[in-house]
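> Chains as they are written, first to last, in numbering that gives the first Met the number 0: chain H, 0 to 362; chain R, 0 to 620.
Check each hint, because a few of them may be wrong.
[Said to hold, decoys possible] Simulated crosslink set (DSS-like; lysine-lysine; CA at most 27 Å straight-line):
1) LYS191(R) to LYS202(R)
2) LYS202(R) to LYS299(R)
3) LYS188(R) to LYS123(R)
4) LYS75(R) to LYS202(R)
5) LYS125(H) to LYS6(R)
6) LYS188(R) to LYS202(R)
7) LYS237(R) to LYS202(H)
8) LYS123(R) to LYS207(R)
9) LYS191(R) to LYS207(R)
10) LYS308(R) to LYS134(H)
11) LYS202(H) to LYS75(R)
12) LYS356(R) to LYS308(R)
13) LYS202(R) to LYS356(R)
14) LYS177(H) to LYS125(H)
15) LYS202(H) to LYS191(R)
Just so you know, these hints were derived from the structure itself, not from any lab. Keep in mind it's a predicted model, so treat the numbers as computed, not measured.
Now for the letters of each chain:
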Amino acid sequence: MKEVSLSEKRHIDAPLLGGILALCLIGYITLYSAGGQSTDLLIRRSVHLVLALGLMFAIARTPPARLSGASLLFYLGSLLLLVLVLFFGETGKGAQRWLGLGPVRFQPSELMKLALPMVIAMYLSKQMPPPSITKVLLALAFIAVPVLLVARQPDLGTALLIAVSGFAVLFIAGMSWKLLGGFGLLALSSAPVIWNLMHDYQKRRVLTFLDPEQDPLGAGYHIIQSQIAIGSGGLYGKGWLNGTQSHLEFLPERTTDFIFAVFCEEFGLIGVCVLVGLYLFIIARGLYISVQSQQLYGKLLGTGVVAAFFVYIAVNMGMVTGQLPVVGIPLPLISHGGTSMMTIMAGFGILMAIHTHKRILSD
Amino acid sequence: MTTLSAKIRTDRRIDLVHRRIYLTATLCLLVMLTLMAQVLHLQVVRHEHFTALSMDNQIKIVPVAPPRGRIFSSDKVLLADNRLSFSLELVPERVTDEPALLAQLSRFVAISAQDIERFRELRKRRRRFEGVPLKSHLDDEEVAVISANRHLLPGVDVVASSGRYYPLAQSLAHTVGYVGMIDAAEFEKLNKAIYRGTNHIGKAGIEKAYENLLHGSPGYEQVEVNAQGRVIRNIYRKPPEPSKDLYLTVDASLQLLAVQALNDRRGAIVALDNRSGAVLVAASTPGFDSNLFVGGIDSKVYAQLLRSKGTPLLNRTLQGTYPPGSTIKPMLALGGLQQGLRTPEATTWCPGWFSLKGSSRRYRCWKREGHGHLDAANAIFQSCDVYFYVLARDLGIDTLHDTLTDFGFGQPTGIDIGGERAGLIPSTRWKREALGQPWYPGETMSVGIGQGATLVTPMQLATATAVIANRGLQVRPYLLSEARDSVTGQSVIRAAAGPGREVVFAEPEYWDRIIHSMQEVVHGERGTARASGAGANYRFAGKTGTAQVISIAQGEEYDEDKVPEELQDHALFIAFAPVEAPEIALAVIVENGGGGSRTAAPIARELLDHYFHKKRRERHG
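Bound-form chain H, shown alone (with noise of 0.2 Å):
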């Protein structure tokens, strides 16, 4: 028998957790100052971050073999509440997202960012790749039906992010590149169906992403004091607690989507190094943890899961410096909510479930 070290017998990859645990710090300090010194804000991040470990916790400790059975139904049952959010959620800030149990609200569209990735991934991995025709066309199903459902809540962002975990499996599992190009033409040619489709504000944000002048004062504002932030940070920052533009309130959302700018601004060029380093490492770990993977599902799976945390980094860093349009998506790990916090927490519990649990599998 081999030896299994402490780490593995708990099913804690160390280094994935080293990364999280240093973002989490750096979520801690950049929120303190954000929040305006608010220790409120701080226990509430630290209630939202207990829970998160437990759950990542919870899932390692899970066989793939498990989470692959269960994927179905887990799929189904969250595409259930999807529904049930169009005929009875609750709204907020004009959408309905919101499903109320008792106290707890939550948005059935988190659970369907963990569930679509992990279907597709269990769909796909039955048989050895390439998958065939069919095989994708099924799959795009899989993928099409909740992005609908979520698009029309509508909540474009979070659309977007369910998209790409699921197509990133679908990529990886080594969908031929003609489809590729195929559906990639199709996707340019509805665009502008797409545009028709849009709510008023989606379109709006678009075009003030294109002319942010022609909004100065909504959107357009956002941006360009978004972009003053981030500018007036230089190389080495002005310090902690010393950002003007979030303290003296230019910036909207500081506390949220748009925090990246105040750590920016704070910590300048030197500090959004060490984070997007931080970033890399952690996106580096889970694709090593993929392609170390024995089983062909941990490494859909584990790719699609790292697929989508990247682009929640990537949307969320190019709409605050202004290269994408606003859309509602927090920086991981970083940004306060609890929600997201606990759905990328999951997606890391699924890594290290891939990865602590090979050898036992392979024996």
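Assemble chain R onto chain H, guided by the hints.
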């Protein structure tokens, strides 16, 4: 061998997956590099530019609200104007110690707890650098004191803005309405981009109904401010999109006369151009001073207005519901002709009372000794009750209901301002649904003379009168005649005057007969309002009405002197003129005014005289 080749094939396929994973990694890295390039660009290349913006100067964007559109009457009298007024604003980001500042401020101007409460409410919805109004309508002295002590009051601004002013408030408050501070519920529904820099919104009447025309769209100024937030220079200014001036159909001189004629009594007068539905007069008394609402009404004053016995806040023209009394008799007579239940010549015997078969209850005519034999025309101009008791019995409650509904009763008229009530025309269905009771035949009699549960608004009464004047053509009353661009004066919207929706069917000859009998009401020897018709140099048609507020018990006598004022009869009168080619239809109601012929008809005559006099004068130069 087979297992080995299978393993090789499997490995190839796994290699494909691995290649894709490496590709994903490369893609991630490339995207991240692009993002970092932008951060680098912002933080290193353009660092100085952004530092300048953030440290020394800050660019602020200040919304510039458009001046609200004015409101004029049809005779070009200003009904709602903008006046320069000064308000006290605090800029939250510049206030460090709010309680201390408020204490300091209250040494110079009176600040009520209500002001502070509203300020705190408003503050939540503004950006921290935007001024939040604390007190509006400062007087000159207050402005001077605050300006002189400004160094003691950081974060305090005296802001000049145009405030709403209603020159004819007491006479037209209900129709023109008023603006007030935007409240939390309204804010939720607003298009925030358009309402930046605006504190007021239309709350009632025309001000509310045509908010979108009156408001316009804001412009903005891009300004540079120093670290304290004072404006250093203007960078760019986009002027606001001008609002629209509104021209109403209301004739101010006629309206003022109507209010004056009501003479502080509770009542309402509506006059329409029966051809188009243009509302010439919409008077509801007592009025109130709508200027009180503009700066946020004092809660004590408001409570006083609410409690006042005259209910001045009630717009009686649209929200006052009254039993129509005998004014609906012409419509019911038409219904009887239309249904073939009566011929114009058919007479009914009036002995002074009427009883249903098998009932001892006597329904009395207002004339105790009775009218004798009467045909439809006589029954109208003498306003005989018995004729209409018998007609009501023969029609039955549901046909009676349908007849009155054809004239627009029991439903909103569809006028272009809100708050209108539908009134009520009873029917078996209504009684079953609302009260869960069957209809008793005895109840039909009182509906036949416009009593019982029957309720109409003055606006409905005027539009129904217009239907008769038009010989069946219905019109929808409207108040907005025209909207003009407040800068260029160009006409933007013009009311679509013209024929109305629906024709009430009746033989053309029947209309002539009924209109003739209404003419007899004022010009005939025995007409109930002959005193009001005397000496007129035009011919008009009318109908009096006296609506009971309390029911008089069987065998009891109604004695005006013994009944307290609020239980006295309502006085009603409807009229249109000139009979040959009607152009004005009106309804007058004086609450507890006694008889319609004595109180309401003279007011109508006065208004018609003025209308035709003014018209003649205009024609002759």
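> Output the indices of the hints that this structure fails to meet, ascending.
Numbers 10, 11, 12 and 13, in rising order.
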